[in-house]
Every structure is written in C-alpha cells, then in structure tokens.
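Enquirer: Take a look at the letters that make up each chain.
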Amino acid sequence: MVPTHYYLILSAILFGLGVIAFVFKRNIITIFMSIELMLNAVNLAFVAFSQALNKLDGQVFVLFVIVVAAAEAAVGLGIIIMIVRNRQTLNVESVNLLKL
Amino acid sequence: MNVPLIVFFVLAAMCIIGAVSLILQRHPIHSALSLIVVMIALAGLYLLMGAEFVAAVQIIVYGGAIMVLFVFVIMLLNAGLEERTNVSKLAGIAGVPLAVALTGFLAAAVARSQDTVQAATQTGATAPTKALANLLFQDFVYPFELTSFLILVAILGAIVLAAPRGER
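Chains P and C supply the protein sequences, listed in that same order. Residues in the first sequence are numbered from 11 upward in steps of one, following the numbering used here. Residues in the second sequence are numbered from 10 upward in steps of one, following the numbering used here.
In short, the hints are calculated from the structure, not lab data. Check the hints yourself; a few may be wrong.
Said to hold, decoys possible - Simulated restraints, written as ranges between beta carbons of each label pair:
id : chain 1 : residue 1 : chain 2 : residue 2 : range
1  : P       : Asn106    : C       : Val162    : 41 to 47 angstroms
2  : P       : Lys65     : C       : Arg35     : 41 to 47 angstroms
3  : P       : Lys109    : C       : Asn143    : 20 to 26 angstroms
4  : P       : Arg97     : C       : Ser122    : 42 to 48 angstroms
5  : C       : Ile15     : P       : Leu107    : 35 to 41 angstroms
What the hints assert, rightly or not - Here are the simulated SDA-like pairs of lysine to any residue, each with C-alpha atoms no more than 25 angstroms apart in a straight line:
id : chain 1 : residue 1 : chain 2 : residue 2
6  : C       : Lys139    : P       : Asn64
7  : C       : Lys98     : P       : Phe34
8  : C       : Lys98     : P       : Asn106
Said to hold, decoys possible - Residues on chain C that point at chain P, a partial pick, calculated with CB under 8 angstroms:
id : residue
9  : Ala21
10 : Ile45
11 : Val47
12 : Gly53
13 : Ala65
14 : Ile68
15 : Gly72
16 : Gly73
17 : Gly101
18 : Gly104
19 : Leu115
20 : Tyr151
21 : Phe158
22 : Ala163
All C-beta atoms in this analysis are idealised placements derived from N, C-alpha and C, irrespective of residue type, glycine included.
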C-alpha cells in the first residue's frame, strides 16, 4: 500500500514541471502540451484523494477533466492552425498583437 | 520494501523523466512522445490505486485520441526545431526558480497535511467500475449531459476555426 502523500508529492512535481515547460518553451504546440501535463498532474491528485477518502467522486471529476481536456485540445489546435496560417510561424514571440 | 511501493517508484520515475524530457527536447514531436510516456505511466499509477476505468480512459482518450491530434497537427504544420532567443533565456532565469518554489510550497503543504490524509486512509479501496457508473449516471447525470453539449460546441468551434477561408 503506497502512502497517499507520495502520490500528492508526485502530482506537485509534475505540476511544477508543467509550469516550467509553460514558461520555458517557445513553440506554441509544446506550450499547449505543457497545459495537458498540468491537467494530468491534477488528475493524479484527484484519483489519490478518491482512493484515500474511499469515495468515487474524485474519479468522476477525472472523467470530466478528461472531457474538458479533449474539447480544449480540439479548439486549441484549431486556433494554432489559424495562427500559423496567418503568421507562418510557431514561435509565440511573433504573436504579439496585444503587446504594447 | 513491498511490491506496490517498488512499482510506484518505477512509474513515478518514468513520469518525471518523461516530463523533464518534454522540457529538454527541442523538437515538438519528441516532446509529444515524452508526454505519451508520462500519460502511460500515469495510467499505470491509476491501476495501482485500483482505478481501472480511469486508467483505461487515460490510455484510450489521452494517450490515444488527444496525443494523435497533437502529432497530427505537428506533422500538418511541419513544425521544426524551436529557436532560442533572449526572451526565452529571461523566462528561464525568472520562471524556473518561481516554478521550483511553487513545487516546493505545494509539496510542503502536502507533507504537512499528511496526517489528516493518512487518518482517512483505510484498506486498499478498489473502485469497482459498476459503482463509478452508478455515480456517473445517477448523481452526476446533469453534468454528464452538459459535457456532451460541450463536446458538440467544441466540434463546431474546431470546424469553424480550421475551415479554409473561402468556405466559411
């Protein structure tokens, strides 16, 4: 039996690595993948609490998170295709229309 | 050392190595493959916790559908190596310490609260898929129906966004 806080600490580490990838990467697709990594870290925490508290609600929420992630991936990748079509680049620094 | 703990450490090492590899790889397709490793290892962790259905959904939907979409878009856009710029070095200098601090605070909070979490822990609570289905289709039936509407809207949005300009 693995202690619950092991899972929670692994979840925190994965979330932190996702944040690092988010600020470190310049490729818009990789930034999007780091968001998926953070969502996965949160899912791990949900399942760990669901197991620790002996309730299944956490697993239902994981299913909802996966549905939202799928919808987000579909719309987000459509937006990425639009950006590349308009700007001919995947680098986020050249997408600076809102910058002063 | 018991067997579940060894399995946990192997899978956790796979997760962390995959996530670090996602950051270090410079080609998006390599990052995508690293993310698939993380997701498969997480599915193994869900199995270890007795959440069989969530593990199956993780592999089929995340490792299968979503990552295929990512790989498809990477190949469609012919994405190459990302270039390093001054701004990304600045993000490394300022962002990495902050992210490490965030991880440290989260882990410290978790470690401090471990007594309360541990107190609630009992037997290895297996999650029968039948009980999960009862919960999903009885208590959470309205949110479940709302997600189908969300998927519909997402499909429409993706079609509108990605359609060629003349056909909109």
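Enquirer: If a hint holds in the structure, say so; if it doesn't, say that too.
Expert: Results for each hint:
no.: 1; hint: P:Asn106 / C:Val162: 41 to 47 angstroms; verdict: violated (29 angstroms)
no.: 2; hint: P:Lys65 / C:Arg35: 41 to 47 angstroms; verdict: holds (43 angstroms)
no.: 3; hint: P:Lys109 / C:Asn143: 20 to 26 angstroms; verdict: violated (51 angstroms)
no.: 4; hint: P:Arg97 / C:Ser122: 42 to 48 angstroms; verdict: holds (46 angstroms)
no.: 5; hint: C:Ile15 / P:Leu107: 35 to 41 angstroms; verdict: violated (52 angstroms)
no.: 6; hint: C:Lys139 / P:Asn64; verdict: holds (15 angstroms)
no.: 7; hint: C:Lys98 / P:Phe34; verdict: holds (8 angstroms)
no.: 8; hint: C:Lys98 / P:Asn106; verdict: holds (18 angstroms)
no.: 9; hint: Ala21; verdict: holds (5 angstroms)
no.: 10; hint: Ile45; verdict: violated (10 angstroms)
no.: 11; hint: Val47; verdict: holds (7 angstroms)
no.: 12; hint: Gly53; verdict: violated (11 angstroms)
no.: 13; hint: Ala65; verdict: violated (11 angstroms)
no.: 14; hint: Ile68; verdict: violated (11 angstroms)
no.: 15; hint: Gly72; verdict: violated (11 angstroms)
no.: 16; hint: Gly73; verdict: violated (11 angstroms)
no.: 17; hint: Gly101; verdict: holds (6 angstroms)
no.: 18; hint: Gly104; verdict: holds (3 angstroms)
no.: 19; hint: Leu115; verdict: holds (4 angstroms)
no.: 20; hint: Tyr151; verdict: violated (12 angstroms)
no.: 21; hint: Phe158; verdict: violated (10 angstroms)
no.: 22; hint: Ala163; verdict: holds (4 angstroms)
In summary, the structure is inconsistent with hints 1, 3, 5, 10, 12, 13, 14, 15, 16, 20, 21 from the numbered list given earlier, while agreeing with the others.
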